[in-house]
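Model the full structure from these sequences, guided by the hints.
Protein chains in written order, with this note's numbering: chain A, 1 to 325; chain B, 1001 to 1350; chain C, 2001 to 2506.
None of these hints come from the bench; they were simulated from the model.
Just so it is clear, CB atoms sit at the ideal spot from N, CA and C, and this is done for glycine as well.
Hints are not guaranteed to be accurate.
Reference excerpt, derived from the structure (chain C facing chain B, CB under 10 angstroms, subset only) [unchecked claim]:
no.	residue
1	His2178
2	Val2180
3	Gly2350
4	Gly2353
5	Ile2362
6	Ile2414
7	Ser2421
Capping the alpha-carbon separation at 16 angstroms, the derived lysine to aspartate or glutamate pairs in EDC-like fashion look like this [unchecked claim]:
no.	chain 1	residue 1	chain 2	residue 2
8	B	Lys1251	B	Asp1166
9	C	Lys2123	C	Asp2135
10	C	Lys2191	C	Asp2205
11	A	Lys113	B	Asp1278
12	C	Lys2060	C	Asp2135
13	A	Lys196	C	Asp2135
14	C	Lys2400	C	Glu2354
15	C	Lys2424	C	Asp2205
16	C	Lys2347	B	Asp1249
17	A	Lys113	B	Asp1328
18	C	Lys2235	C	Asp2205
19	C	Lys2052	C	Glu2091
Only some residues are given here: those of chain C computed to face chain A with a beta carbon under 8 angstroms [claimed, not checked]:
no.	residue
20	Asn2093
21	Pro2096
22	Thr2097
23	Gln2109
Here is what each chain is made of, one letter per residue.
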Amino acid sequence: MKSRIFPLIATIVVFILLYMIGWQRFPAFGTTRVVLNILTDKSFLGVAAVGMTFVILSGGIDLSVGSIIAFTSIFCALLIKDVGVHPLGAFAIALALGAAFGGAMGAIIHYLKIPPFIVTLAGMFLARGCAFLLSEASVPIEHPFYSDISGMYYVFEDKGRLTFVATLFVIVLLVGLIIAHFTRFGRNVYALGGDKNSALLLGVPIARTTIGVYMLSSVLATLAGIIYSLYTRSGYPLATVGLELDAITAVVIGGTLLTGGVGYMAGTLVGVLILGVIQTYINFDGGLNSWWTKIVIGALLFVFIALQKVLSSGRPVFKLPSLKR
Amino acid sequence: MSEMTQPAERGFSLQSLTRNRAFWPIFALLLILLGNRLIAPDFFNIEVVEGRIFGSLIVILIRGAPVVLLSIGMTLVIATKGIDLSVGAVIAISGAVAAVLVSTTDINPILAILISIGVGALCGLWNGILVAYFNIQPIVATLILMVSGRGIAQLITNGQIAIFNDETLAFVGTGVIAGIQFPIYICIAVFVIVMLLVRRTAIGLLIESVGANDRASYYAGIKAAQIKLFAYVASGICAALAGLILTADIKGADANNAGLWLELDAILAVVIGGTSLDGGRFFLGLSVIGALIIQSVETGILQSGLPPTFNLVVKAIVILIVLLLQSDVVRRWISNSVNRLRGQMRGQTA
Amino acid sequence: MTTSTQPILQTRDLSISFGSVDALVSVDFNLRAGEIHALLGENGAGKSTLIKLVTGVYAKDSGQILLDGKEINPRNPREAQLLGISPVYQEINLIPTLSVAENIYLGSQPMRFGLVNTAAMNKQAEALLNRYNIDIDVNRTLSSYSVAIQQLVAIARGVDMSAKVLILDEPTASLDRHEVETLFNVMRQLKADGVGIILITHFLDQVYEISDRITVLRNGFKVGEYNTDELPRVKLISEMLGHELTQTLGKQATSETAKPKNQEAYIRVDGLGRKGYLEPIDLTVNEGEIVGLAGLLGSGRTETALLIFGIEGHDQGTIYVDGQAVHLRSPSQAIQEGFALCPEDRKTEGIVGELTVRENVILALQAKRGWFDFIPIKRQQELADEMIEALHIATPDAEKPAGQLSGGNQQKLILARWLASEPKFLILDEPTRGIDVGAHAEIINIIKRLSNDGMSLLVISSELAEVVDYSDRVIVLRDHKKVAELKGDEVTENRIMQVIAEEPNV
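Now the structure itself:
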């Protein structure tokens, strides 16, 4: 039994259990509608969580993703509405900006040796602040391109709707999975998170990998912002406040160790789905209030962290060298 | 105390002044206050109306009180090489507890306040146990309460904004004694008590030792777990007091928004004050200065007529500047280029 | 002998110093292709420094490094590795969370269509390990395997990257006999392939078993270069410890484990040990007595100290203080019993560099007194000043951060910390290592003075002359086991060396 795959299995079991409980109470869980709705509702969270997975695997954290989503949505809305740029052009500009932003954060983290927590906190304030500077109110987007996109979906027999944004999420996840598991960059990210000093000695390009990870996370957060704007057909500077917490939670519930180096991209999908199932269940149940979502998620987070602790408890707290040179 | 380490031995000199670690935060605060004065000419005016002191400086103190309190607890936590992300959530919980108790039961409001503080201490205890006894990374351990805390607060208030009419509880936020608002007294009292606790007992030294060198402290017989527990409980109590002030101020507990993102402000205040996120030496007074800097920036933006939305951008820039100045790499770079410049100048004169 | 005489790796006049400490002075080192060359010396001899220079971790001050006769200047470990110099450290610098195969091929994975070809990578890794008769599931995480396997994986990685020179730093420290055998087989195979192997180890038996030649370093200088089969064991030890043998040797040492006559021993350690860490050890220390712990590096000296002080847990045996059994599970409990330990590693285990001299002095005493029985600042200053004066700690004042003191003064500072806690039993682990001559003599005087004042001391040291000088009795350790207890006339440098050098009875 490979111990590193155990958290992933535990996550899948939890997901199935939760889903079964939901199905028991609400027959609608038996249709494709519930799952597909979750995929649509959580599409921007999911895309951001894919980026967060890379960051956490590398041993870091990125608090800026929620703000980047808000900034992107309002930035694109204004470019399209006031400047008259075609949405695709606006998206390209936003993505380039996101890449530069993430790259800058990564460079500060690596070269100035400032903890990622603080650097991305500054990034969070900056992106949110810039979003406010652009507009304080929600800006609706009316463009034929947006109508076309929201008209693109596939309807299943039981009326489940596979939307464009849900599909995009799944594609991003698959690409993320391939990058994480089957590219040198991805393996370097795992190595960096597993043991930074050893990674350096083994010749892993630390600078390039660190900067790349934060760049990737910001690009995906920008993409999530684009998805948000497609999904809501608007830009909103107050959007997705605290989404980074949900993303971190999804990644951890998905079995990725917050200490870095261990985890599966597939787990992040399951983590996002678990968040969606809990929310759907509580929405369906008129008697339960929305705050139970947070409490249940917090409890799950605790259980998973405790589980990870138990699994890794073989490691000594202090690495006392048994024999000295 | 150690804020003002090593009195200048060779008399007054600009160099010894700028080397003092208290210099830069205080200098920054004065600069920002002066900037505010330029924006609003009546900024330094303080007047007494109906036995109550008014003025922008007082506003900064009152509005800044919650972050000042948080930054005191956060300083202790960070000094042990930890971090407490949950203080915003604890604010929501403690506010909810106090508001619901006084509005739905006949309980003595003083007791309600004490229970609310006790709940804050319990939250801190939970964090502390996870960190100190289960060896969970602080950022992860406190994330749990950060995520679930607001849910718990909503559970307590049943999802409503819990409104109350109790004057005793309201006094915590808006009461006036001798012309000065009550939150200011709370801040001063907490600061003095914590200062006495850490500097007139061994706790401060032990915290610094554990934060600076965990292993050597263990060899010296220090029980690090108890020290960490103390820091997190202190942080929980500070957060509860901040929650009481915020709740009392609006006579209602808003589980969703009370203290939202204040943990970030508190961490920022500590970092501006010069306490390293790597633990070790801590500077309570300078953390308070840091909190006041943050509040002064916010008040200044408000008075300038700029939309409050500028807050975040300015805050981000302030963080970046502070971080750059504190980074060893940048410091080395600056001192190297200064030396090079000096060398060139000497070369020219020679 | 398969050894060629062609040197593959050489250093010429290689020197480096850190601050005022000369870590390596004009060292000429010669490694031939196809030989196993043991690099020996006590702590601080310069072994690690030499390795770090050759692998590009440090930059030399002067001298040359030659590989295949051509000068090289590796700037980092990566460059050294590309040149063909692969180090394998005791703490195994691999990624524990990645699979075995990934660890071997990190950075050079086989690719297909621009993606990592995991199947091919696993196959290659299996084939590579099979060459050394290692048959394991290469898809499992590295951390799920024993240290021995991890070590072999590290070697396989190093060799696969076309290593000409393989450096093994204490490779056998945590391996059992069978695993050592496997490792040696791999080493012999590599030797036959023409790889030059540098072996750093403190197991002298293994040195004689596997190595062809030996270079001994001491205090940064090269003492000599020998063919292993021409260097008697006792001579090797005297070279390492730096003492000439003054009389002919040959008589077998008789192991003395007799109990002291005095049953009122202040400290009595009875069968204290932990499986795989330290064989059960008996020792006593009387009031006012200095007991020396001698033995080579890695013989179990530090382990003994850590077990007694409660830093490492024991699974058998008991400690008696004044006839009373005590149960020590942490340093703070040991301190309450009046114990004190000056650890060997001053920087990480001793001083708290950020705190001032004064704070460092009172730290253990304050920890002992608890949170609220605070030592008033004035008393702290007095204590610090007293200690600065008594131990001649060179510092402008007591408010200087301890991290800024020199090594010798830091050592005295830690001693001061423990003296301030008024211990009855003081354990010193290498109290005179890496400090200048003046401080050295002062510390020895302090040790003697303390014992005259009635304190019980257990002193670990590699400096035999100094151990003989101050010890009333000397306990000799070898291979994590007590092998002799010398007292009275037996306490001589020669006798200690003889005991250390004895072939273990198999």
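Hint check results:
no.: 1; hint: His2178; result: 34 angstroms, violated
no.: 2; hint: Val2180; result: 31 angstroms, violated
no.: 3; hint: Gly2350; result: 6 angstroms, holds
no.: 4; hint: Gly2353; result: 7 angstroms, holds
no.: 5; hint: Ile2362; result: 8 angstroms, holds
no.: 6; hint: Ile2414; result: 9 angstroms, holds
no.: 7; hint: Ser2421; result: 8 angstroms, holds
no.: 8; hint: B:Lys1251 to B:Asp1166; result: 8 angstroms, holds
no.: 9; hint: C:Lys2123 to C:Asp2135; result: 12 angstroms, holds
no.: 10; hint: C:Lys2191 to C:Asp2205; result: 19 angstroms, violated
no.: 11; hint: A:Lys113 to B:Asp1278; result: 12 angstroms, holds
no.: 12; hint: C:Lys2060 to C:Asp2135; result: 41 angstroms, violated
no.: 13; hint: A:Lys196 to C:Asp2135; result: 29 angstroms, violated
no.: 14; hint: C:Lys2400 to C:Glu2354; result: 9 angstroms, holds
no.: 15; hint: C:Lys2424 to C:Asp2205; result: 38 angstroms, violated
no.: 16; hint: C:Lys2347 to B:Asp1249; result: 51 angstroms, violated
no.: 17; hint: A:Lys113 to B:Asp1328; result: 8 angstroms, holds
no.: 18; hint: C:Lys2235 to C:Asp2205; result: 14 angstroms, holds
no.: 19; hint: C:Lys2052 to C:Glu2091; result: 15 angstroms, holds
no.: 20; hint: Asn2093; result: 4 angstroms, holds
no.: 21; hint: Pro2096; result: 6 angstroms, holds
no.: 22; hint: Thr2097; result: 4 angstroms, holds
no.: 23; hint: Gln2109; result: 6 angstroms, holds
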